[in-house]
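Visitor: Chains as they are written, first to last, in my numbering: chain A, 251 to 317; chain B, 251 to 317; chain C, 251 to 317; chain D, 251 to 317; chain E, 251 to 317; chain F, 251 to 317.
Please keep in mind that the hints were generated in silico from the structure rather than gathered at the bench.
Just so you know, these numbers come straight off a predicted model, no measurement behind them.
Mixed in with the good hints there might be a few duds.
[Claimed, not checked] From the structure, some residues in chain C lie toward chain D, with a derived Cβ separation under 8 Å:
no.: 1; residue: 251
no.: 2; residue: 256
no.: 3; residue: 262
no.: 4; residue: 266
no.: 5; residue: 267
no.: 6; residue: 282
no.: 7; residue: 286
no.: 8; residue: 290
no.: 9; residue: 300
no.: 10; residue: 302
no.: 11; residue: 304
no.: 12; residue: 308
no.: 13; residue: 313
no.: 14; residue: 314
no.: 15; residue: 317
[Unchecked claim] Listed next, with one range per pair, are the computed distances between beta-carbon atoms:
no.: 16; chain 1: F; residue 1: 265; chain 2: B; residue 2: 282; range: 21 to 29 Å
no.: 17; chain 1: B; residue 1: 283; chain 2: D; residue 2: 294; range: 38 to 46 Å
no.: 18; chain 1: F; residue 1: 297; chain 2: A; residue 2: 300; range: 39 to 47 Å
no.: 19; chain 1: C; residue 1: 264; chain 2: A; residue 2: 301; range: 25 to 33 Å
no.: 20; chain 1: F; residue 1: 280; chain 2: A; residue 2: 251; range: 44 to 52 Å
no.: 21; chain 1: E; residue 1: 283; chain 2: A; residue 2: 300; range: 41 to 49 Å
no.: 22; chain 1: A; residue 1: 268; chain 2: F; residue 2: 295; range: 38 to 46 Å
no.: 23; chain 1: A; residue 1: 297; chain 2: D; residue 2: 278; range: 22 to 30 Å
Here a beta-carbon is modelled for each residue, glycine too, at the ideal position from N, C-alpha and C.
Number of protein chains: 6
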Amino acid sequence: MKISGRNKLEATVKEIVKGEVMAKVVMDHKGTELVAAITIDSVEDLNLAIGDKVTALVKATEMMVIK
Amino acid sequence: MKISGRNKLEATVKEIVKGEVMAKVVMDHKGTELVAAITIDSVEDLNLAIGDKVTALVKATEMMVIK
Amino acid sequence: MKISGRNKLEATVKEIVKGEVMAKVVMDHKGTELVAAITIDSVEDLNLAIGDKVTALVKATEMMVIK
Amino acid sequence: MKISGRNKLEATVKEIVKGEVMAKVVMDHKGTELVAAITIDSVEDLNLAIGDKVTALVKATEMMVIK
Amino acid sequence: MKISGRNKLEATVKEIVKGEVMAKVVMDHKGTELVAAITIDSVEDLNLAIGDKVTALVKATEMMVIK
Amino acid sequence: MKISGRNKLEATVKEIVKGEVMAKVVMDHKGTELVAAITIDSVEDLNLAIGDKVTALVKATEMMVIK
């Protein structure tokens with residue numbers, strides 16, 4: 251199975267904060283902190299927990315460049 | 251100046267492909283390839299070139315998690 | 251492997267138009283036409299072709315509602 | 251009135267969960283579950299309720315393909 | 251008909267550049283330039299032309315803040 | 251420092267509502283109301299407050315057109 255999304259960053263889950271609809275998932279990728287705002291349904295569906303090895307996925311059209 | 255976008259990845263520009271409207275900017279971030287699809291206007295406005303040190307920016311709501 | 255993105259629509263590829271950077275992938279989902287704008291790199295990486303059975307993926311934060 | 255967003259899925263609202271800022275709107279589209287994360291302001295502005303006939307809207311650049 | 255997307259900016263089309271898949275639509279909103287990257291299919295479907303009075307639409311989850 | 255995101259709207263912060271994960275930031279741009287849904291972490295990192303002069307940032311690929 252392959253996904254068209256071009257950016258795949260291997261990461262480790264460091265922190266999960268659940269609101270009523272959205273959750274914040276903080277990850278570590280080679281020393282850089284990543285933050286994903288996903289639904290709490292997704293957190294439960296993936297059974298996400300601190301220490302999990304995951305992949306952060308970002309579509310190329312969603313990435314900007316700062317110089 | 252600070253930006254609300256939570257994900258900031260330091261990267262080096264490796265390749266730029268320009269279409270008529272959109273451009274593909276391939277970057278290297280600590281050995282991981284990143285791909286941003288931005289307008290060619292942005293490439294010109296930032297004067298992007300191979301070897302440039304840049305920051306890839308992604309809003310937290312645009313990042314998914316795969317497990 | 252599970253993806254946090256909540257919307258997964260089974261579809262069949264009907265048409266692929268490649269530009270220099272972006273490609274248009276037209277799909278059929280139960281009689282409804284879907285259109286994804288992805289990079290041509292993704293089209294090649296997935297080896298997408300007319301008739302392929304695929305899944306269209308959309309993050310919940312990217313879906314709007316019209317009433 | 252026409253909208254540039256290419257993906258329009260007719261759906262029926264099945265569930266609405268309101269947080270303090272964001273709301274989850276679960277819809278049924280021909281037997282497939284759709285989930286939109288929109289602001290609670292939008293839910294109120296559209297006066298969304300269970301059973302409403304709505305259209306889920308997704309921009310082509312926000313749709314990925316899995317194969 | 252109401253759309254959940256919260257940001258609606260009245261604008262006038264100033265320039266349209268068509269690639270093979272994507273188009274750039276430059277608009278003027280009260281003296282501020284807006285740029286939308288949409289599919290050429292959308293440009294044709296809306297029959298967009300220079301001088302058209304349009305509304306630029308942005309979902310709240312797609313807007314960042316710089317300070 | 252330049253950002254590839256094409257749409258930059260000068261605005262004044264009018265209201266901030268914080269949930270547990272996401273925050274709503276309402277802004278005024280030349281008489282038009284703007285609404286951004288960002289993480290509460292961003293609100294705190296930028297130290298956002300009512301009356302702040304800010305810039306709303308939107309990537310061109312995230313802007314739709316209604317006609």
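Visitor: For each hint, tell me whether it holds in the structure or not.
Guide: Tested hints:
1. 251: With a minimum Cβ separation of about 10 Å from chain D (threshold 8 Å), the hint on residue 251/C is violated.
2. 256: 4 Å, holds
3. 262: 11 Å, violated
4. 266: Given a least distance of 10 Å, the restraint on residue 266/C is violated.
5. 267: 12 Å, violated
6. 282: 6 Å, holds
7. 286: Since chain D brings a Cβ to about 4 Å from residue 286/C, closer than 8 Å, the hint holds.
8. 290: Interface hint status for residue 290/C: violated (13 Å vs cutoff 8 Å).
9. 300: Interface hint status for residue 300/C: violated (13 Å vs cutoff 8 Å).
10. 302: Interface hint status for residue 302/C: holds (6 Å vs cutoff 8 Å).
11. 304: The hint holds - residue 304/C has a Cβ within 8 Å of chain D, the shortest such distance being about 5 Å.
12. 308: Interface hint status for residue 308/C: holds (5 Å vs cutoff 8 Å).
13. 313: This interface hint holds because 4 Å falls under the 8 Å limit.
14. 314: Interface hint status for residue 314/C: holds (4 Å vs cutoff 8 Å).
15. 317: 5 Å, holds
16. 265/F - 282/B: 21 to 29 Å: Cβ of residue 265/F to Cβ of residue 282/B: about 39 Å, so the range 21 to 29 Å is violated.
17. 283/B - 294/D: 38 to 46 Å: About 43 Å separates the Cβ atoms of residue 283/B and residue 294/D, which means 38 to 46 Å holds.
18. 297/F - 300/A: 39 to 47 Å: 28 Å, violated
19. 264/C - 301/A: 25 to 33 Å: 43 Å, violated
20. 280/F - 251/A: 44 to 52 Å: Holds: the Cβ-Cβ distance is about 47 Å, inside 44 to 52 Å.
21. 283/E - 300/A: 41 to 49 Å: Hint holds: Cβ distance 45 Å, inside 41 to 49 Å.
22. 268/A - 295/F: 38 to 46 Å: 20 Å, violated
23. 297/A - 278/D: 22 to 30 Å: 25 Å, holds
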